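Under full-length UniProt numbering, the sequence shown has 369 at position 369, and the numbering climbs by one with no breaks.
Hint data in this document are derived by calculation from the structure and do not stem from the laboratory.
Among the clues, some could well be false.
What the hints assert, rightly or not - Calculated lysine-lysine pairs in the DSBU-like style (CA-CA distance at most 35 Å, straight line):
1. Lys587 to Lys47
2. Lys591 to Lys672
3. Lys587 to Lys600
4. Lys600 to Lys672
5. Lys587 to Lys672
6. Lys63 to Lys47
7. Lys672 to Lys47
Stated by the list, open to error - Now the in silico label distances, taken between C-beta atoms and shown as ranges:
8. Pro280 to Ala20: 46 to 52 Å
9. Thr321 to Ala61: 49 to 55 Å
10. Arg637 to Ala188: 48 to 54 Å
11. Ser279 to Gly507: 55 to 61 Å
All of these numbers come straight from a predicted model, not from anything done at the bench.
Glycine residues also receive a C-beta, built at the ideal position from the N, C-alpha and C atoms.
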Amino acid sequence: MNVVESSAQQQLDEVQALIARLQMHPAERAAASFRRIELLDDLGRRKEALAASARLLDEFAAKPEVGVVVPCCQTLRLLAHMLRQMHRPADALATLDRLIAAHGQRAEPAIREHIAHALYQRTWWIDEPAARCEACDAMSELLDSQPDAAFDTWRVEARLLKAEVEHHRGLPQDALATLEAAIERFDASTDPGVVLRVARARLASVLNLRELAQHAQAQVMCLAVADQIEAGLAEAAPELRIEGVRALTLFFDGFGIDEHANRAELVGWLLDRYGHDASPQVRRMAVRRAYDWSVGLREQEDGDAALAACDRLLATFGADTDAVVHRTVASALLNKGFVLLERLGRAEDALAVYQQLARQLQGAPAPELQDTLAKALAGREACLRRLRRADAEANLPELSPETRDEVRDKVKQGRRHGDAGESREAIALFDEVLAAHAPSPHPELRRQCARALVHKAFCLVALERFDEVVAAAEAMDARYGADSSTEMQETVALCMQYKSTALDRLGRHDDEMRVHDEIVARWGNSELPDLRGRVVGALFRKGATLRQTGRLEAAVACYDEAIARTTGAREGTLQLWAAKSMINKAKAQDKLGDPAGQIKTYRALIARFGDSGDAALRERVVNACEWLAEAEGRQGRVEAQRAALEAALGRFGTALSAEQRARLARELQALKARAIGRKAKEVFGRVVRRKA
Numbered sequence: 001m002n003v004v005e006s007s008a009q010q011q012l013d014e015v016q017a018l019i020a021r022l023q024m025h026p027a028e029r030a031a032a033s034f035r036r037i038e039l040l041d042d043l044g045r046r047k048e049a050l051a052a053s054a055r056l057l058d059e060f061a062a063k064p065e066v067g068v069v070v071p072c073c074q075t076l077r078l079l080a081h082m083l084r085q086m087h088r089p090a091d092a093l094a095t096l097d098r099l100i101a102a103h104g105q106r107a108e109p110a111i112r113e114h115i116a117h118a119l120y121q122r123t124w125w126i127d128e129p130a131a132r133c134e135a136c137d138a139m140s141e142l143l144d145s146q147p148d149a150a151f152d153t154w155r156v157e158a159r160l161l162k163a164e165v166e167h168h169r170g171l172p173q174d175a176l177a178t179l180e181a182a183i184e185r186f187d188a189s190t191d192p193g194v195v196l197r198v199a200r201a202r203l204a205s206v207l208n209l210r211e212l213a214q215h216a217q218a219q220v221m222c223l224a225v226a227d228q229i230e231a232g233l234a235e236a237a238p239e240l241r242i243e244g245v246r247a248l249t250l251f252f253d254g255f256g257i258d259e260h261a262n263r264a265e266l267v268g269w270l271l272d273r274y275g276h277d278a279s280p281q282v283r284r285m286a287v288r289r290a291y292d293w294s295v296g297l298r299e300q301e302d303g304d305a306a307l308a309a310c311d312r313l314l315a316t317f318g319a320d321t322d323a324v325v326h327r328t329v330a331s332a333l334l335n336k337g338f339v340l341l342e343r344l345g346r347a348e349d350a351l352a353v354y355q356q357l358a359r360q361l362q363g364a365p366a367p368e369l370q371d372t373l374a375k376a377l378a379g380r381e382a383c384l385r386r387l388r389r390a391d392a393e394a395n396l397p398e399l400s401p402e403t404r405d406e407v408r409d410k411v412k413q414g415r416r417h418g419d420a421g422e423s424r425e426a427i428a429l430f431d432e433v434l435a436a437h438a439p440s441p442h443p444e445l446r447r448q449c450a451r452a453l454v455h456k457a458f459c460l461v462a463l464e465r466f467d468e469v470v471a472a473a474e475a476m477d478a479r480y481g482a483d484s485s486t487e488m489q490e491t492v493a494l495c496m497q498y499k500s501t502a503l504d505r506l507g508r509h510d511d512e513m514r515v516h517d518e519i520v521a522r523w524g525n526s527e528l529p530d531l532r533g534r535v536v537g538a539l540f541r542k543g544a545t546l547r548q549t550g551r552l553e554a555a556v557a558c559y560d561e562a563i564a565r566t567t568g569a570r571e572g573t574l575q576l577w578a579a580k581s582m583i584n585k586a587k588a589q590d591k592l593g594d595p596a597g598q599i600k601t602y603r604a605l606i607a608r609f610g611d612s613g614d615a616a617l618r619e620r621v622v623n624a625c626e627w628l629a630e631a632e633g634r635q636g637r638v639e640a641q642r643a644a645l646e647a648a649l650g651r652f653g654t655a656l657s658a659e660q661r662a663r664l665a666r667e668l669q670a671l672k673a674r675a676i677g678r679k680a681k682e683v684f685g686r687v688v689r690r691k692a
């Protein structure tokens, strides 16, 4: 017995002795008896806890005194929880119903608090969405029967839960009506708990308005919440300030992708109001949004705006002592170095940033910070190489602006043709550039020729001229493979990916896998997001080829390496490769006859990406939930299968297509019907045995 168990056992002995001395004091005896049940449950002695619950209720259930009724309510709630943990959901619900039926009309605040908890818990435990909505209505009706303003928080909570269920059922108009009624009724309240939930109701309305394509109204609602919270910001509780950040975040998401000025202004507003908030959780949300904004600008190749966004973030959070904020600040410095080097060509400034970050992170114990340190050191080396190359290129003849602009325009025009599906016209322009300037040593002409060649390879893939794709990729590697600049290495890696695609389409799978291996060997140690993505993509594609050719164990090994290389990755591209690899790994495990491994892989995917807001990742998680349910069902694990289906419908209802939602709902109902049939058969069997 460990120290904790020993202490609990000692308390249990003391409580047992106390119960024996309290024969003439029912309220104190009931409270002590409930404490004994809690201790038994803490010790894992579940059967004894159930028996003790039954004895307490037998002894005190008929007594009307408040001091006795409160321990009875506590016991029924704990009993329901234990039954739920024992996979007896019907008995758990029946226990809550017993509590509500026995004491639901009592007016004493101490008792009504337990009734409210039981009503809310009951709604969560009901599986069928329509029945859950009815339970929310019943909760509202019972709470409304006694007009006590102290329970307004629970009244709003019931309506919020109903609206959430309606939203997940694909009924945004109904959800909106529920939320509007709650807002209208409780908007004048000054109770902090009610004010918080009314703000949440407004933000929930935003999501439903957007589903109904009422985007202008959604933006107005976001701004109303943000303004209301800002007006009382000094007195607002941390939970309400979090809703203020959410309001601005939703407002940000409502702008079009090209509305840079509005988005930039909004991020500035967010940082002004919440960047120095006393709550670490509020600051974490604010810094995360500011970081995502700077990364988005970088990926759109708007270097100046990305640099300004990085500087604003660092000015606001650079001295923050919270560990989570500190990690995001380190990532922002890394992002700033990348922007300076790759987007703006300012190698000396980038070097200073990488060196500053490396000094700050020396000796940092957290694995995430060690990963950031490795990337900072790699960035520093890239800067030094760039500076050495610039010195060597200083003696090259100057490129005339006319020639430079002509070449750039041809490459851009060719790319526009390629994006429009006009591949032949694009290739003709790329060939003109290559014929005229491929031998040139000038760095700008080499850069444009490399771009022309990689875009040509892309167009050749579109035209299914796969032998020519292979030739173009080999020419790319021969001409530019030794160039250590980041852009050139990224371009060569992309062209090799096109080569692997062409070899796959030509049926040359061994050659294809050799290309994948070469990508991993050459860039496997890179810390640059684009090259890391190429490496993980190569591992994924190699795994797919191995799986298609029946080499399943080798495929699983490839997927494992891809997953391992993305551990802790925050880039959306890398996370998506990880999710895809986990799905394909699970399918390979199914073919290998490893159902336990398959189930474990699906669960790992759901645990890792279940809270992601990225649409592509959520799609994979939803599919994993469905496939997990199928895998559990094949193993005869009905409860686990049911839990997986409930998770898919409950957590990801709005991410499901109408067809998928209907299919999962049918499967869940069929499971419940079979469970009822089995239970009826068991009852019938017991009756027959008793009669016999």
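- [ ] Using the Cβ atoms, figure out if Ser279 sits within 55 to 61 Å of Gly507.
- [x] holds, 59 Å
Open item on the list: What's the verdict on Lys600 and Lys672, does the C-alpha distance respect the 35 Å limit or exceed it?
Closed with: With Cα atoms ~24 Å apart, Lys600 and Lys672 stay inside 35 Å; holds.
- [ ] Decide if the proposed pair is consistent with the structure: Lys672 and Lys47, CA atoms, cutoff 35 Å inclusive.
- [x] Satisfied, since the Cα-Cα distance of roughly 27 Å is no more than 35 Å.
TODO: Take the C-beta atom of Thr321 and the C-beta atom of Ala61, compute their distance, and say whether it sits inside 49 to 55 Å.
DONE: This hint holds: roughly 53 Å between Cβ atoms.
Open item on the list: Please verify whether Lys591 and Lys672 have alpha carbons no more than 35 Å apart.
Closed with: Satisfied, since the Cα-Cα distance of roughly 29 Å is no more than 35 Å.
Open item on the list: I want to verify a distance hint. Is the separation of the beta carbons of Pro280 and Ala20 within 46 to 52 Å?
Closed with: holds, 48 Å
Task: Holds or violated: Lys587 to Lys47, with C-alpha atoms at most 35 Å apart - done: violated, 41 Å
Task: Holds or violated: Lys587 to Lys600, with C-alpha atoms at most 35 Å apart - done: holds, 12 Å
Task: Restraint check for Lys63 with Lys47, where alpha carbons must lie at most 35 Å apart - done: holds, 25 Å
Open item on the list: Does the beta carbon distance between Arg637 and Ala188 stay inside 48 to 54 Å, or does it fall outside?
Closed with: Roughly 51 Å apart at Cβ, these two residues keep to the hinted range, so it holds.
Task: Holds or violated: Lys587 to Lys672, with C-alpha atoms at most 35 Å apart - done: Holds, because 27 Å separates the two Cα atoms, which is no more than 35 Å.
The structure shown violates just one earlier hint, number 1.
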